[in-house]
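Q: One-letter residues, chain by chain:
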Amino acid sequence: MTATQEPTTAAEIGRDRRRKEDQRLITGRTRWTDNITLPGMLHLAMVRSPFPHARITSISTEEAENAPNVVAVLTGADLGEGQGACINAWPIVEDQVTPAHLPMPTDRVAFAGETVAVVVARSAAEARDAAELVEVDYDELPAALDLKEAAEDTVLAHPDLGTNVSAVWKFDSAEAGTGGDVEAAITEARSSGIVIEREYRQQRLIPAFMEPRSVVVDPTGEQITMWSATQVPHILRFALAATTGVPESKIRVIAPDVGGGFGGKLQQTPEEMIAFAVARRLGKPVKFTETRSESLLTAHHGRDQWQRLTLAATKDGTVTGLKVDLIADLGAYVAIVGGGVPVLGAFMFNAIYKFPAYQFQTTNILTNKAWTDAYRGAGRPEATFAIERLMDELAVEVGVDPLAIREKNWITHEEFPFTTVAGLEYDSGNYEAATARAKEMFGYDELRAEQAERRARGDKVQLGLGVSTFTEMCGLAPSRVLGSLNYGAGGWEHAEVRMLATGKVEVVTGASAHGQGHETAFSQIVADRLGVAFEDVEVLHGDTQISHKGLDTYGSRSLVVGGEALVRAVDKVIEKAKPIAAHLLEASADDLEFSAGRFAVKGTDQGMAIGEIATAVFAAHNLPDGVEPSLDSEATYDPVNFNYPHGTHLCAVEVDTETGQVKLRKYVCCDDIGVVINPLIVAGQVHGGLVQGIAQALWEEAVYDENGTLVTGSFVDYLLPTAADTISFEIDHTTSPATTNSLGTKGVGEAGTIASTPAVVNAVVDAVRHLGVDDITMPCTPERVWRAINEGTSGGATTEAAMPHFDETEGGDR
Amino acid sequence: MARISLTVDGQRVSDDVEPRMLLVQYLREKLGKTGTVVGCDTSSCGACTVHLDGRSVKSCNVLAIQADGGEVTTIEGLAGEGGALHPVQEAFRECHGLQCGFCTPGMIMQTVDLLAENPSPSEEAIRLGLEGNLCRCTGYHNIVRAVQHAAGVSTGSTNGGSSTEGASA
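Residue numbers (the working numbering), protein chains in the order written: chain A, 1 to 814; chain X, 1001 to 1169.
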């Protein structure tokens, strides 16, 4: 009845399989949310506030209601409690100040772009036309725009809260018992060592996924179905149920094809909530698809910190302490992860180094700008930038090569597992090996020689070399740790393996891919472990009715958490199959061994393939007594630790000292991400990550004017890099398998972005340091570089120039 | 309303459209050609790139009525008989030139045009030729490899028409 399965000969893990996903995507056979059309579907257009802070005094909807094919015009008051609320899942301190966040506010808007009314019409064009006819009267209020000013509470973003300070969160190694007293280390360094004090700006960025967000809601079935361009269908379903009172079991959320996210789509958005409320109210399917301008204006932004940093070291460059005091701009509301983003960076400023003392404090500030939340790396790029810039400054102070200062302070490979001053246990790594390989690929010594030669002859184009030896914590996350940090959910992941009667395999994962290639990589894992053909594995995800349980995709967690859940589910299938195989083969289970998809009786040529057993189980004619006729298995895995990829990134730039123009010359990196499942997919993740990080260094910034208007509100103004701006990269890997998951894998989704920003800025500064420059504010535009060279400033920051440090009297109480 | 008749992916179609309707809206909303997508509203991203009379155009920057009497090829009409992939489609898969796939229809259509104009482009020519198409996932590295791969395997003449310039901006 079944053909004997050919044992798999080639190992799938480590193979550069072409992606299963691609056939549809390259032929246009796609299921983006905006492609979905349902019978009788209505279209929404949002009426948005042009002011960053204002009281809504009246909304006149009559003219819009009378426009052609308009079905309804609804305000926040009309929707009432049915609109639910946007939740913050991570109140980082007990007394966090968290403004109530209605999807559509009724009395006051808190940022430019906030929705005050929604127009429902038979076509999207008619809805948009009518939205222009809605008249809203506002009383403008003073707006809290500049982060530093907002931190002083000069103007309140939410007057009723009495302060802009949402939370102050602190970690101190002396108090935590993980290290010494940082103040003592700084005091000692002031008298007999080196103290580096800097203030760095992490500019505001916009994730700018290519597919604008879109949501379709169909209320006509027994369940209300929502299709959304989201990274987090499971979390979204929970939030819908928790805030609208609709039972979770009556809501189905589907993330169909999703066109990128980078953290930008892990939100529970006002637009999703409004669409849900309108569909329920009208009893008809509705769709809302944002324009790019709406996306840039209202989808959450990322980064946006001022970092005040004090690094203490001995004269020979051994770091004795690091103190971090930052203010972070949350925007108008505390988003779903929101204030937790800086906290995700708190454990990473010490990076790969053995610092004996460490203190971190973040002060999270509310302003009247778009809300901020996770953007690729989420807290860790900010931390990595700060420490990797500081280590370069320390190298200059000591007078040694930047790689030498790192080597002096890093954890050596013999020292793993290593408990850091921030209290994390790094399980594995080899910084020496990755650095050696990167140097070799880069031609480090040759480029240093060229740099010296260009300096000597006063070339107008100077060469700069930048280093970044990063690590990150990813694979979010051990639930117990999340609980200890007051996060509102766990960090586990779920998987199920279904053995079909024909021997094919369905895999259900709670991770929710939006471009990562999970279908391919997860198929490889299952094919290898279960010994079935790669083509015979189907990966299902992104629909709460199929994947009923999951915590979705962000924080480089899909493979290291979701993949491990999958491994455990597969192992359960094999475990269930074993007694059945023994029964069918008339052998003792103890005499069976499973390999390459086949149970064999030791010492004989007798055996059965897993697919044959699946068929026998389906028929259920001849099973051992009391054995249920199913091999299907599921597993929910809660990671025991974070996951710590690392790598050495080297960047060479050419800086035209007459124009300030920066040109990428060469970029190499050697990342240690443990065991690689699919090198092709990994390379893609690294390349894409690199460009996003490089873009922060050189091009991107979300800029508001003094009226609180986002002036980078289109792709004409927000400078996403093009193919012509970027170069080809050289990447390689060293392998220190993770010891905390079965496959030895580490996350790779965020690595490139976390590592590359400081490598580039270090290179730019290195190119012009001999001209008296020790910092350039990001993005390092030609104007800023030119000013740094000619005016000796960091290039004219957006708000103000970076300054030497604060003194003790003003530290810590902001 | 204005009556237009044109050929899209080899199929003759005829519709009454609002004069302001964009070609991309016509393709998506009237014809269900949802393989072509909209990524921005300033003609910056190129996700909506199709061929109009053999030239690549950003279909968000062309009115449907401007395509009257014309011949449009979208990503859905690029594969050959029996679904045989166009060499550029094949190259994007082979070289992992896509991740989320949202920019991919535009990238592929622009690449076909680029190679029709210059069958053996340098890396710099490829990068300049794709400057009007944004991708947020790949960092462009593997897109450039895909174009090089396609240039190596295709004759450069598989495109239906010829072109003298890239996508209009």
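Note that these hints are calculated values from the structure, not bench results.
Just so you know, not all the hints are guaranteed correct.
Using 20 Å as the maximum straight-line C-alpha spacing, the simulated SDA-like pairs for lysine to any residue come out as follows [as the list claims (entries may be wrong)]: (1) X/LYS1030 <-> A/LYS666; (2) X/LYS1030 <-> A/GLY40; (3) A/LYS666 <-> X/ALA1125; (4) A/LYS20 <-> X/GLU1090; (5) X/LYS1030 <-> A/ARG29; (6) A/LYS20 <-> X/ALA1125.
Q: Work down the list of hints and note, for each, if the structure agrees.
A: Now the hints, each set against the structure:
A hinted pair counts as satisfied when its Cα atoms are at most 20 Å apart, and X/LYS1030 with A/LYS666 does not qualify at roughly 47 Å. A threshold of 20 Å between alpha carbons decides the hint, and for X/LYS1030 with A/GLY40 the separation of about 15 Å falls inside it, so the pair holds. The hinted pair formed by A/LYS666 and X/ALA1125 meets the criterion: a straight-line CA distance of about 19 Å does not exceed 20 Å. Distance check on the hinted pair: A/LYS20 and X/GLU1090 sit about 13 Å apart at the alpha-carbon level, within 20 Å; holds.
At most 20 Å may separate the alpha-carbon atoms for a hinted pair to count; X/LYS1030 and A/ARG29 meet this at roughly 17 Å. Between the alpha carbons of A/LYS20 and X/ALA1125 the distance comes to roughly 30 Å, so the proposed pair goes past 20 Å and is violated.
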